[in-house]
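Taken in sequence, the protein lines are chains U and R.
Here our numbering runs 524 ahead of the position in the first sequence, where the first position is 1.
Here our numbering runs 3 ahead of the position in the second sequence, where the first position is 1.
It is possible that some hints are incorrect.
Straight-line Cα separation of at most 30 Å, DSS-like style, residue types lysine-lysine; simulated pairs [unchecked claim]:
(1) U:Lys808 to U:Lys644
(2) U:Lys644 to R:Lys156
(3) R:Lys156 to U:Lys597
(4) U:Lys644 to R:Lys142
Since the hints were made in silico from the structure, they are not lab data.
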Amino acid sequence: MTQPTGVIHDIGYRHYDGVRLTRGYAATALALNSLRGAFGLGRTARSKIIPFLIAGTMLLPAVVSIAVMALLKEQGLPYSGYAVTMQAVLAVFLAAQSPYLVAPDLRFRVLPLYLSRPLKVIDYVGAKFVALVVALFLLLAAPLTLMYIGELLVELDTPVRTSEYLASLGGGVICAVLLAAIGLALASFTPRRGLGVAAVIAFYMFTLAASGVFFGVFESENQQTAAEWSLLGNPFFLVDAVQTNLFGTEPSNGTGYPPGIAPAAITLAVIALALSALYLRYRKAAAA
Amino acid sequence: MTILATEGLTKRFPRVTALDQLTVAAGEGVTGLVGANGAGKSTLIKILLGLLPASAGRASVLGMDAAVQGLEIRRSVGYMPEHECLPPDVSATEFVVHMAQMSGLPRTAARERAADTLRHVGLHEERYRPIGGYSTGMKQRVKLAQALVHDPKVVFLDEPTNGLDPQGRDEMLALIRRIGTEFGISVLVTSHLLGELERVCDHVIVIDGGRLLRSSAIGELTQVTQAVAVEVEEGWEQLARHLTEAGEAVAVEGRLITVQVRAEDTFDVLRDAVCDLDLNLVRLEQRHGRIEDVFK
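Let the hints inform the model, and build the full structure from the sequences given.
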């Protein structure tokens, strides 16, 4: 027979007199929690399927590219065009995960609990935004970095494309910020997750189709400049244009983009618009 | 010490005035805030938390101005909303730990506090299961735990007994009493049932249509509300007459006689009257005061 090894004492209620950290800590904790959640970590097995599948798909071309470099001793995929090539995959991730970040808190009315703590609306919105930006950036930076490490190890005759790699990481940051702003702004307008997913994917399809149609029409009319402008309607080409003009990488659309700061200005304007809409949406929700 | 105070507090929405020149104060212990639905209870709590700006007047919690020091107030206050506010796909433990972190507790401290608090509110093994599968009573306990996890100085509990069965209601009320006494955390608890709050509160504030009806210690209030309802099989007119002659204040509603308790011997007079008249007593019960009775 085993002897009882412990006794449970009812020590009553104990007060907490340890440290209480600032808003910054709480916002960081929320961002980390949301970032983990965006990849399904700390959630059910079912919610891991899509993010893991997408992360795997994002890495696939990088692995193939390394294999090409190693076996054929040829230059692999260009870094600068990775986001444009993989745009559909990134769009699916954005559509699947941005509603996850905002919709449940609205639907199950958890938001009032966050706001009853020492947090401001801007802390909440900021944490969600940063989480999605980091998630998207990781999704893009991981294959680029894998490819770069591969290139360093394989030792091709051509020089290592370090500057192109870094420029693509820069473009990746811009891409992540733009996509996250648009995705969250669209998703936050409905507490229903399915509707949010549909809204984000519909937005992407629309920009893809619209910019494609205009590009085709202008191209057939031999209006090259107008055709180049119309491509900026697609957020991925818009970011590629900024990357091309800012860091001097090769354009990934085959024709080139309008020169100068116009693409960057459009990008900034879209980001500002989306973030303002997001903030106003939450300010309204907070007062309700 | 004054826990919360308002002065001429007014809140107008486009279509309705939720609070109208409300001036109240509450001290330590358990304070009940009573009013019908739409009386302005939830609006008052939101203003006190610094989440809603007042149209006029002032509000303060723990000596801090709600209009400008909302953040500091929310650091020392816990809030349990009236509505459902729990995500279904996480466990109670995870959720309460997360909420503790949102109040600024470091992760290890948050874990410890969450375990402690969940135990205090009476959630045991089930705290590791997703909240989606909980009963209403368990959900109310989780909502209470998240309000207590950061060891606040004051908690605002908005309709904590809503949707609970009689037993769950009793347990929740006992828990609220413990929070106010044993835990040493001051409580502001709202309800639309005065009788319910009588059992746990030290002080009761009654508002109606955003205006203060009454604010008094529980002793004064129960004295006013003390009444005994008597039901006899036959001869209730006789009994009423007899009691009136004996100098008691009697009200007759159908077959039910309500006798106001003026002193201890009212009970004796009542007993003797029923015996003397040889009546069959069906029911003899203490009347819990309803808001309408007290403020008629």
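### Task
May I ask which of the numbered hints given earlier this structure violates, with the numbers listed in increasing order?
Hint 3 contradicted; others consistent.
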